[in-house]
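4 protein chains.
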Amino acid sequence: MKITAEICVIPMGVGVSVSGFIAACQPILEEAGLNPIVHAYGTNVEGEWDDVFAAFKQCHQTIHDLGAPRVFTTIKLGSRSDRDQTNQDKLDSVRAQR
Amino acid sequence: MKITAEICVIPMGVGVSVSGFIAACQPILEEAGLNPIVHAYGTNVEGEWDDVFAAFKQCHQTIHDLGAPRVFTTIKLGSRSDRDQTNQDKLDSVRAQR
Amino acid sequence: MKITAEICVIPMGVGVSVSGFIAACQPILEEAGLNPIVHAYGTNVEGEWDDVFAAFKQCHQTIHDLGAPRVFTTIKLGSRSDRDQTNQDKLDSVRAQR
Amino acid sequence: MKITAEICVIPMGVGVSVSGFIAACQPILEEAGLNPIVHAYGTNVEGEWDDVFAAFKQCHQTIHDLGAPRVFTTIKLGSRSDRDQTNQDKLDSVRAQR
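Residue numbers (our numbering), protein chains in the order written: chain A, 1 to 98; chain B, 1 to 98; chain C, 1 to 98; chain D, 1 to 98.
Treat the hints as calculated values from the structure; they're not laboratory data.
All figures in this text were calculated on a predicted structure; none of them were measured in a lab.
For glycine and all other residues, C-beta sits at the position ideal for the given N, C-alpha and C.
Take these hints with a grain of salt, some might be off.
Here's a subset of chain D near chain A, in silico, CB distances under 7 Å, partners left out [to be verified]:
#1 Met1
#2 Gly13
#3 Val14
#4 Gly15
#5 Asp84
#6 Lys90
Distance windows between CB atoms, simulated [to be verified]:
#7 B:Gly15 x C:Asp92: 14 to 20 Å
#8 D:Arg98 x A:Asp82: 25 to 31 Å
#9 B:Ala54 x A:Gly33: 18 to 24 Å
#10 B:Arg98 x A:Gly67: 30 to 36 Å
#11 D:Asp84 x B:Gly33: 44 to 50 Å
#12 B:Gly15 x A:Glu48: 46 to 52 Å
#13 C:Arg98 x D:Gln61: 31 to 37 Å
#14 D:Arg83 x C:Glu31: 29 to 35 Å
#15 C:Glu31 x D:Gly67: 46 to 52 Å
#16 C:Asp50 x B:Ala23: 44 to 50 Å
#17 D:Leu66 x B:Asp92: 40 to 46 Å
#18 D:Ala96 x A:Glu31: 44 to 50 Å
#19 D:Val16 x C:Ala96: 34 to 40 Å
#20 B:Pro69 x C:Pro69: 43 to 49 Å
The calculated lysine-lysine pairs, modelled on DSS-like cross-linking and capped at a C-alpha distance of 30 Å, are [to be verified]:
#21 B:Lys57 x B:Lys2
#22 B:Lys2 x A:Lys2
#23 D:Lys2 x C:Lys2
#24 D:Lys2 x D:Lys57
Model the full structure from these sequences, guided by the hints.
Here it is in structure tokens:
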């Protein structure tokens with residue numbers, strides 16, 4: 001099952017500056033071949049369900065490994081059985097309507 | 001890695017009444033031993049990461065199998081390395097503060 | 001516009017134990033007459049849009065006032081123009097399908 | 001209170017193609033001066049709490065007005081009392097860590 005998804009990880013118990021933790025996730029998502037696009041409220045990816053969630057698990061675990069005793073992660077994801085649709089396709093559809 | 005999590009599935013392209021789809025997820029989460037608690041904005045579960053996400057995949061796929069051409073799912077999850085904490089523990093902590 | 005909604009507030013920069021902050025939101029939501037139901041991943045409420053978001057603003061601000069230098073809040077909300085539906089109605093619909 | 005936020009609106013009961021609805025929100029967010037950045041899982045904005053949520057209400061209502069009998073909206077938002085931080089600042093911080 002192909003999906004598009006967004007992940008947003010929040011390290012807790014490590015102060016207010018969290019960009020170092022979030023930066024550590026980016027190579028994980030890239031190396032998994034998920035075409036990551038980072039934005040100000042998360043990172044959007046796309047791929048097979050199992051590949052996406054293996055990488056999300058690694059991201060979440062990495063935040064702990066870097067010293068966060070508590071990690072809060074939010075995920076949005078979607079899939080379509082009627083046709084393939086990438087993250088770029090979704091953006092293009094919105095822009096074409098304007 | 002033990003986690004607590006919340007899943008909320010939204011079938012798209014099948015009209016406004018979606019409770020039948022959501023009801024179909026409950027036995028999946030129960031049979032996976034995830035201690036599901038359904039509420040008005042999702043279902044809370046707890047367990048090992050792999051068990052939780054295997055069941056979430058099955059829920060998401062089931063919504064497609066029941067006829068929804070598009071499925072949108074939101075997930076929140078958390079884990080702690082400093083101590084174990086169940087969903088009930090979290091609730092008890094909030095209530096103890098009042 | 002009547003809505004149902006879920007709010008989940010995450011204080012950042014104040015350590016791993018956050019139940020005291022979350023507990024402080026409950027009387028705000030109660031006094032606003034939003035029929036709050038706390039669960040392990042947020043609090044569900046219902047009411048007019050303006051009343052709900054006035055209370056959500058007060059919750060978010062209260063977390064700052066209690067000492068959190070950064071606050072992250074996630075919200076889910078829904079409304080229907082075809083008919084009224086409370087949080088309890090949503091739960092009853094799911095349970096009736098089982 | 002200055003905030004950054006992300007909104008993602010899901011029209012229900014109108015089929016699987018929803019880009020027209022999402023496109024209708026963009027001018028609302030622009031005209032409110034919220035510096036919107038659309039991405040594949042929502043639109044990021046920034047501004048005063050009241051301005052942001054007045055525009056979010058208008059977006060949500062517009063989806064109904066365009067014919068959706070049910071609307072599901074997810075929002076993430078954050079604020080800091082220790083310093084100002086825009087959406088671009090957040091992105092720059094992540095990129096500077098790599």
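Satisfaction of hint between Lys2 (chain B) and Lys57 (chain B), Cα-Cα up to 30 Å: holds (18 Å)
Range hint compliance [Cβ, Leu66 (chain D) to Asp92 (chain B), 40 to 46 Å]: Given range 40 to 46 Å: holds, Cβ gap about 44 Å.
Cβ distance range 14 to 20 Å for Gly15 (chain B) and Asp92 (chain C), holds or violated: holds (19 Å)
Range hint 44 to 50 Å (beta carbons of Ala96 (chain D) and Glu31 (chain A)) holds or violated: At roughly 21 Å between Cβ atoms, Glu31 (chain A) and Ala96 (chain D) fall outside 44 to 50 Å, so the hint is violated.
Interface hint status, Gly13 (chain D) versus chain A (Cβ within 7 Å): violated (17 Å)
Satisfaction of the hinted span 34 to 40 Å by the C-beta atoms belonging to Val16 (chain D) and Ala96 (chain C): Given about 27 Å between the Cβ atoms, the range is violated.
Cut-off 7 Å, beta-carbon criterion: hint that Val14 (chain D) touches chain A: The hint is violated - Val14 (chain D) has no Cβ within 7 Å of chain A, the shortest such distance being about 14 Å.
Lys2 (chain D) paired with Lys57 (chain D) [C-alpha distance capped at 30 Å]: holds (18 Å)
Satisfaction of the hinted span 30 to 36 Å by the C-beta atoms belonging to Arg98 (chain B) and Gly67 (chain A): The hint (30 to 36 Å, Cβ to Cβ) holds, given that Arg98 (chain B) and Gly67 (chain A) are roughly 32 Å apart.
Pro69 (chain B) versus Pro69 (chain C) beta-carbon gap, inside 43 to 49 Å or not: Because 45 Å falls inside the window, the suggested range holds.
Hint check for Gly33 (chain A) and Ala54 (chain B) - Cβ pair distance inside 18 to 24 Å: holds (22 Å)
Consistency of beta-carbon spacing, Gln61 (chain D) to Arg98 (chain C), with hint 31 to 37 Å: holds (34 Å)
Consistency note: the structure conflicts with the earlier hints numbered 1, 2, 3, 4, 5, 8, 12, 15, 16, 18 and 19.
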